Every structure is written in C-alpha cells, then in structure tokens.
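Undergrad: As they're listed, the protein sequences go chains R and H. Residue 101 in full-length UniProt numbering sits at position 101 of the first sequence; the count goes up by one each step and never skips. Residue 149 in full-length UniProt numbering sits at position 149 of the second sequence; the count goes up by one each step and never skips.
Quick caveat, the hints were computed from the structure, so don't treat them as lab data. Owing to the predicted nature of the structure, the values given are computational and were not obtained by experimental measurement. Among the hints, erroneous ones may be present.
Remember, identical chains collapse to one label, so a pair may be satisfied in a single copy or spanning two.
[What the hints assert, rightly or not] Think about it this way: if two alpha-carbon atoms lie no more than 30 Å apart in a straight line, the pair counts; the simulated DSS-like pairs of lysine-lysine are:
no. : residue 1 : residue 2
1   : K72       : K324
2   : K206      : K324
3   : K270      : K72
4   : K270      : K324
5   : K72       : K206
6   : K261      : K72
7   : K206      : K261
One letter stands for each residue in the lines below.
Protein chains: 2
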Amino acid sequence: MPITAREWHLAARPHGEPTPDDFRLVEVEHPDPAEGQVVVRMVAMSVDPYMRGRMRLGPSYAAPWEVGEVMKGGAVGRVVESRSPDVPEGALVLTDAAWRDVAVLDARAVRQLPATEDLPLTYSLGVLGMPGLTAWAGLFRVAAFREGDAVFVSGAAGAVGSAVGQFARLRGASAVVGSAGSPDKVAWLREIGFTAAFDYHDGRVKDLLAQAAPDGVDVYFDNVGGEHLDAALGALHVHGRVAICGAISGYNATESVPGPKNFSSLMIAKRLAVTGLLVGDHTDLHGEFTETVSGWIRSGQLAVRETVYEGLENAVPAFLDLLKGANTGKMVVRLAPDPD
Amino acid sequence: MPITAREWHLAARPHGEPTPDDFRLVEVEHPDPAEGQVVVRMVAMSVDPYMRGRMRLGPSYAAPWEVGEVMKGGAVGRVVESRSPDVPEGALVLTDAAWRDVAVLDARAVRQLPATEDLPLTYSLGVLGMPGLTAWAGLFRVAAFREGDAVFVSGAAGAVGSAVGQFARLRGASAVVGSAGSPDKVAWLREIGFTAAFDYHDGRVKDLLAQAAPDGVDVYFDNVGGEHLDAALGALHVHGRVAICGAISGYNATESVPGPKNFSSLMIAKRLAVTGLLVGDHTDLHGEFTETVSGWIRSGQLAVRETVYEGLENAVPAFLDLLKGANTGKMVVRLAPDPD
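In isolation and in its complexed conformation, chain R is listed as follows:
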C-alpha cells in the first residue's frame, strides 16, 4: 500500500526576507519500502537559522535546497515499518529527512537514539543534538575557552546561545554576558545564570556591551554578526578568541554584507583569533558532549527551554518566526505526540 506523505517543498528562492510563498506543502505518494529501507513517522522536526542559508545558492553552511524539491532538516521519529535487520520497527530515530510527516528512508540514513526515557525526545534536536554540540565545539574547541574566561554570546536566548552561556558558567567562566532581542529573553538569561544580559534594541550594542562587561571579554561566541561582531571585537582583550557560528543579522541581506569595521587593526593590535564554526567538523566530540550535558540536565544544573509550534502546516510560520527571533530556546515543530 503506497505511503502518503505531506512534505514542504521549496517553491522559490527568496530575495531578502523569506515569505510563505517561498514554500509549498504538497502531498506525495511513496511506494512501499524496498529491502534495506524503513518508514519513519516524524514526531518533531527542527527549524534552525542555518536553514536560511540552504535557501540560496553560493557559499552556505550545507547543500542548498533545490527548488521544487522537499527541504531537509533534522527530525526525530519512530520507525513504523522496517525492511532492515539493523533498525527494528518501533525504534526511535534521528534523521535529516524532515520537513515532512512521514518518509521512506534508507536504514543507513537514520540514527537510532539511545534510550533517554527521562528526557524529552525533542532534546535530540536541541540541547543534546546539533545545536548543543555546536555550542560545545564552538566554546571549548574553536574558541578555546579556559576556566576564568569572560564570555560574551549573542543570540543568547536561542538554542545554541543558551547552551553556550550555561556551558561557560558550568565550566568556570568569570563572567557570562548575553544579548537577546526582548525583555522576556533577557529576564530568562538572568534566571539561568548569565552574569549580565541586555536587549540589543535598547541602544548601540557597543554601549550596552561596555555596560554589561566593563572589563571586556576573552571569548565571543557570535550568532548574530553585524553590529554585534563590531562591538565584540572592540570589547575583546588581547589574545581574545571568537567563534563565528552564525550571522542572523545578515541572513536576509540582498547585497554583500559589510564586514567588521577597522578589522585588521583590531586583529593585529589585540592579536585576536577569529574562527568559523560548523558542527560537522566536530562530531568526534559527540561522546564527551552527550555524557556531560545529559548529566547537567539530569542534575538540574542546566536549564532547557523550547518553543514549540504544533503541526506540519506550522513549520513555515515556525521557521519565519525563528528568523525574527520569536523563539526562546530551541524552536521545534511537533508533528505527533511523544511516543510512550
């Protein structure tokens, strides 16, 4: 019996800010799974800022989505039919195969999730998944965080940012400063242990950062780019380190984005080290990351928040709202209740 799936296709490459017209929800019939395949019914799918890059051609963080084809992205689901000895029916799996409600996939294209019965399945898309590992690798490897460092993270109330700030605190940062886009988010950052936090709408980032971190910082974890990066380069100490993880302030730009001002002279005078970060380079850290972070969650030392939209039809609103900063913590689209 053929399998009916609902899928989001890329309808058009946006110019500037994406709109709902750039996406199309279509119904597709798939044949029954072949030998070695499984049918996965998705429980939740991820929308992430980096996906804005997959909508365009040119330098991006992952292969661009093709116009007229299904978009790809992280999701967790349950195997409802299996023709592979490796992945049993009923298994909970992580895939890169949403945005859709059900998919017929090669068994090799899914990863079985370990039993974490006490933790929500969706954490595998956030704090225990790609965003969490991004924070881990960016802070500890790329930015070479050391105990006693003062850390500034932008987009601090997002999935990656909130992990970065808390990881830094738990590993002995002397200060953790975060920027976010609303008073609620700022309040939440203070709640979860940030030393200082500010709403970047409240003034020039440079001034707000100087107020929040009057003694400067050693590490900057950048999710935002633009004015935030400018301000951070100014606030960094000699031998400061920057992980460039994202630049959401420029994702909808239609012209080339201006770079940080006085870049060369700041880089030299302070011998800064600025490094680009993609999580795919750092999967070797997955073991230590998972063990440590799941421990922190279980012990209550690490706060986790999610913003959940319900239903596949709301995947596009979730994504567009994410780009506008509507989420606190990980933005997730729930497609089915958590399995028992």
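Given chain R, put chain H in place with the hints provided.
TA: Chain H alone, transformed into the frame defined by chain R:
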C-alpha cells in the same frame, strides 16, 4: 663632554597621509653616560610600515610616539663609549633607539649582535631581524603552514612579504603567489621563486588572484588588508588560515576602515581561521628562526634585497616612500658606513 645628537621628533599627529611637516629634525645635547650606560653611534636605522600606527593614539601595534619627543625604532650601531661591564666599547648592538644618529642608552636597552662577519649588519633590521621573525612566526605558527599548502602573500616584495614567500617555498609549498605594486617588483618575485605574482594595479585583486591561483590557496599572509583581504577570503579553501600582519592599504585612513565583505558567511562556510600577528608574541622562536634563515642566506637559497636611503636627514623621505611602496625588500636608512 656632552654628546650632541641629531634626532627626529614627532612634530604633529598626521590626519591621513603623513607629510614632512609632521616630523622635525632637532639637535640635542646629552650629558655624558652615567654608570651602566653606553653611547651608541647608529650605523643604520629601520623604517617600517607599523610605525604609521605609532603616529596615532588608539589601538596600535606599539606604544604611540609622543608629540615633541624622539621617535623610536629599530637600529644597529656601535658602542663608542661604555660605562657598563656587560657591553664593551666597540660592540655592535641592536637597539630600539633610533631615529637619531647617536644615543646614550641603558646597557640593558641594547642587545649585542652575534658575529656574522659574512652577512651585512643591516640584515639584523630585516631578514634576520624583526621583519624576518614576523614572517617566520606568522607563516609557521599563526597560519600553521604545512608542506604542500598553497600560499598567497600580499605586499610580497616588502621585507616581510619576500621572506614569507621564500620561507614557504623552502618548506615545500605547492604554490607561492605574491602581489606587489609595480612591474619591477613582480619581476623580482618571479626571479626569487614565486610561482606566480601580479601587480595589483592591473585589475581587480579578486580577478588577478583567481588568475594567479586558479585552484585557490590554503594560507593567506596579509600585509595589505582592504581589497586584498576580501579577495583572499574568497580564494581560500575550506579550513584555510590567515595571518593578519598588516593593513597598509588602510594606514592613512581618516575614517573607520570597512571590513571584509560577507565576512561571517565566508568564515562559517569555509571554517576559516583568521589571526592577528605581532612579532612580540613570538620571540621564543628566535633561535630556530635565526639558525635556519642565516643558513638559507649563506647557502644562496634565500634572496635578500634592501632599499637603502643615505643619511639621517633622509629618514623621513624613506618612511614616507615606504608607505607608498617605493621599496623592494627591506627599507633601511644608512647613517654611517658598516664598521670593519
């Protein structure tokens, strides 16, 4: 008997391009040396691009020169009178005490030069001195050069750039590409073993670099900034590395200098590592650097060129011409004949 010295003082902080009026040559009488002091008669002094930074207040590569005071900079000289048991009369020394013809100095402020009778004394200001060590540390440590890397260096016919390119060649670079500011310099770069070289006046740096390095590069050693840095970020491979050593294209800027375009997205998509370089962080490399490089010079594997201006009164023209790129190799001002 008091010692009469001629000294260059900073007369004014320039706005934009420095002019001769920003400097003043004055005659000063110094008292006889006190206990622990030496009198050094300079043989040659260095003018370097970084000195433009010492003319201004604010983020710089070294302490700013004070208006109305003598300027400082590397020089080699001979001790003509000594009241220190550590530094005998007649010793050849390196000091940071030019721009002047004679200076009364603490013995601790001079470094005795090893006997290198076969090599010109002025090499201690260039290929065997600060610029050479800058090239060494920037290429091998900061940019983490590895055998087989393709290297691009801007300002390649300068003291630092010509060392970088040749060091890379001698350590097994797959390609060494240089940019310079005149056909003569480009011809010289080809002569001394650069795989490809171009005159940046001949078109857009981006296009010239694409032609010279069609397969891209692994390492960029930046002496120029601006359009060169933009072009290099575009040409770098995934995991490419950049040492930011200088930014001569922006040294006379009167407003904030725009940064590299699309910086964040390039940094992330290619996971580039960009690091600022100041030679003072890397003095621990001095031993291996001196030994290897003096060996390369003696064996004829490393070409050295100097541009020499004669006389203290020509120090300012030398410096101003340096900023315009009039030199090939190290720019030196000779104040006296080499001692026997």
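Undergrad: Would you mind marking each hint as holding or not holding in the structure?
TA: Evaluation of the provided hints:
1. K72 to K324: within (21 Å within a copy, 53 Å between copies)
2. K206 to K324: So K206 and K324 pass the 30 Å test inside one copy only (22 Å; across, 34 Å).
3. K270 to K72: between (41 Å within a copy, 21 Å between copies)
4. K270 to K324: Close across copies (26 Å), not inside one copy (33 Å); limit 30 Å.
5. K72 to K206: neither (37 Å within a copy, 34 Å between copies)
6. K261 to K72: Close across copies (29 Å), not inside one copy (36 Å); limit 30 Å.
7. K206 to K261: both (12 Å within a copy, 21 Å between copies)
In terms of the numbered hints stated before, the structure departs from hint 5 and from no other.
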